[in-house]
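Trainee: Respectively, the protein sequence lines represent chains A and B.
Residue numbers for the first sequence follow this note's numbering, beginning at 2 and rising by one.
Residue numbers for the second sequence follow this note's numbering, beginning at 497 and rising by one.
Keep in mind that a hint or two might mislead.
[Stated by the list, open to error] No farther apart than 25 Å at their CA atoms in a straight line, the calculated lysine to aspartate or glutamate pairs in the DMTMM-like style are these:
| id | chain 1 | residue 1 | chain 2 | residue 2 |
| --- | --- | --- | --- | --- |
| 1 | A | K146 | B | D568 |
| 2 | A | K146 | B | E547 |
| 3 | A | K146 | A | D45 |
FYI, nobody ran anything at the bench for these hints, they're computed from the structure.
Source: prediction; values computed, not measured.
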Amino acid sequence: MKQRHVTVLGAGVMGTSIAALAVGHGLPVTLVDVDRAVLERARDEVTRHLRLARLMGVQTGTDVAELRTTVELADVADADVVVEAVTELADVKAKVLAEISALIGPEALVLTNTSAIPVDELAGAVAHPERTVGAHFMNPPYLIKTVEVIRGPRSSAAALAVARDFLASMGREVVVVGDGPGFVINRVLQRMINEAARIADEGLATPEEIDLLFTGCLGHRTGPLATADLIGLDNVVDSLRVLRDRTGDQGYEPSALLLAKVADGDFGRKTGRGFYEHRGTK
Amino acid sequence: MSSSTTNQHILSPGSICGKLTAFLERQTKRDIEPDLDIFAAGLVSSLFALELVVHIESTFDVAIGGPDLRLDNFRTVDRMTELVLRLRGESDD
Numbered sequence: 002m003k004q005r006h007v008t009v010l011g012a013g014v015m016g017t018s019i020a021a022l023a024v025g026h027g028l029p030v031t032l033v034d035v036d037r038a039v040l041e042r043a044r045d046e047v048t049r050h051l052r053l054a055r056l057m058g059v060q061t062g063t064d065v066a067e068l069r070t071t072v073e074l075a076d077v078a079d080a081d082v083v084v085e086a087v088t089e090l091a092d093v094k095a096k097v098l099a100e101i102s103a104l105i106g107p108e109a110l111v112l113t114n115t116s117a118i119p120v121d122e123l124a125g126a127v128a129h130p131e132r133t134v135g136a137h138f139m140n141p142p143y144l145i146k147t148v149e150v151i152r153g154p155r156s157s158a159a160a161l162a163v164a165r166d167f168l169a170s171m172g173r174e175v176v177v178v179g180d181g182p183g184f185v186i187n188r189v190l191q192r193m194i195n196e197a198a199r200i201a202d203e204g205l206a207t208p209e210e211i212d213l214l215f216t217g218c219l220g221h222r223t224g225p226l227a228t229a230d231l232i233g234l235d236n237v238v239d240s241l242r243v244l245r246d247r248t249g250d251q252g253y254e255p256s257a258l259l260l261a262k263v264a265d266g267d268f269g270r271k272t273g274r275g276f277y278e279h280r281g282t283k
Numbered sequence: 497m498s499s500s501t502t503n504q505h506i507l508s509p510g511s512i513c514g515k516l517t518a519f520l521e522r523q524t525k526r527d528i529e530p531d532l533d534i535f536a537a538g539l540v541s542s543l544f545a546l547e548l549v550v551h552i553e554s555t556f557d558v559a560i561g562g563p564d565l566r567l568d569n570f571r572t573v574d575r576m577t578e579l580v581l582r583l584r585g586e587s588d589d
């Protein structure tokens with residue numbers, strides 16, 4: 002089988018780490034972003050991700066494929082697989098997906114790494130909705146083997162098969178679920194983070210105490226607020242709004258503490274501070 | 497990356513061990529014995545591992561790559577000290 006050309010749209014936290022996962026498995030990647038400065042930093046980020054993957058023993062191969070970067074969507078018209086990982090705003094994602102789908106071939110697979118926006122809503126923006134599938138990677142995707150794959154009502158069986166094959170070629174294991182706001186993980190997780198932030202805000206427990214209950218009593222690897230810092234609080238707020246707007250459930254209304262942290266630029270691990278201090282992270 | 501063989505003063509195993517212990521105790525707010533496996537003990541996450549590597553590189557002016565870049569080298573202060581001594585070429589001192 003010929004080697005797939007992978008395009009990753011968006012050079013943020015997820016875009017760079019998905020690019021690292023792919024090049025680390027020998028798949029050449031073109032990383033696209035609107036911001037040249039972001040792309041400059043993205044190269045270093047991908048190198049950092051590959052080092053961590055090697056350190057943790059999940060990057061054993063020595064053949065790391067080529068990483069290219071570009072600000073021009075036209076450069077990736079030959080993509081076989083497009084992984085969309087831009088900001089969790091429905092109009093931004095829809096605009097990018099519409100543009101890319103007009104450029105790529107009808108056989109190309111479009112994987113959207115949406116956190117919460119229903120796949121079918123995004124498929125509505127593209128030329129070939131049957132080629133669009135959701136792939137919700139965890140952070141960092143090279144350390145967490147399982148990927149939540151979302152089959153939208155219009156996703157074809159053929160597209161789903163390519164998605165499975167592509168993810169398997171990068172050593173990933175998939176769980177395929179149905180479409181809806183937040184799918185499985187974020188319908189539960191974002192609500193949990195929001196409530197944990199409310200509890201911290203009410204002074205019932207500190208972030209450390211809240212997380213210790215989830216790790217110590219429930220066996221979670223990290224508690225909800227440490228997880229939120231890892232995801233990025235800006236993305237958590239965006240996802241909560243997506244869920245609130247699409248479910249009408251006010252439980253998803255972002256808590257005041259989350260909003261305050263985002264307003265202060267404290268997005269979690271990626272900025273060095275969120276619910277916790279992350280010294281020396283960058 | 498700067499050369500690890502030029503312009504550096506000799507560090508004793510005790511001083512490397514002390515610097516690493518102080519760094520880890522600041523990070524974890526716990527007492528760290530030199531033979532404690534900080535990962536197995538759940539004191540630090542796998543994401544912290546790379547911060548640790550970068551910290552060691554900058555603090556001790558060494559470059560860690562190739563086969564040295566594996567978690568087993570960073571599980572305890574003792575092992576990190578051994579690695580730093582070896583990379584600085586001071587293991588026979």
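Trainee: Now, for every hint given, state plainly whether the structure supports it.
Mentor: Hint by hint, here is what the structure shows:
{"no.": "1", "hint": "A:K146 - B:D568", "verdict": "21 Å, holds"}
{"no.": "2", "hint": "A:K146 - B:E547", "verdict": "22 Å, holds"}
{"no.": "3", "hint": "A:K146 - A:D45", "verdict": "23 Å, holds"}
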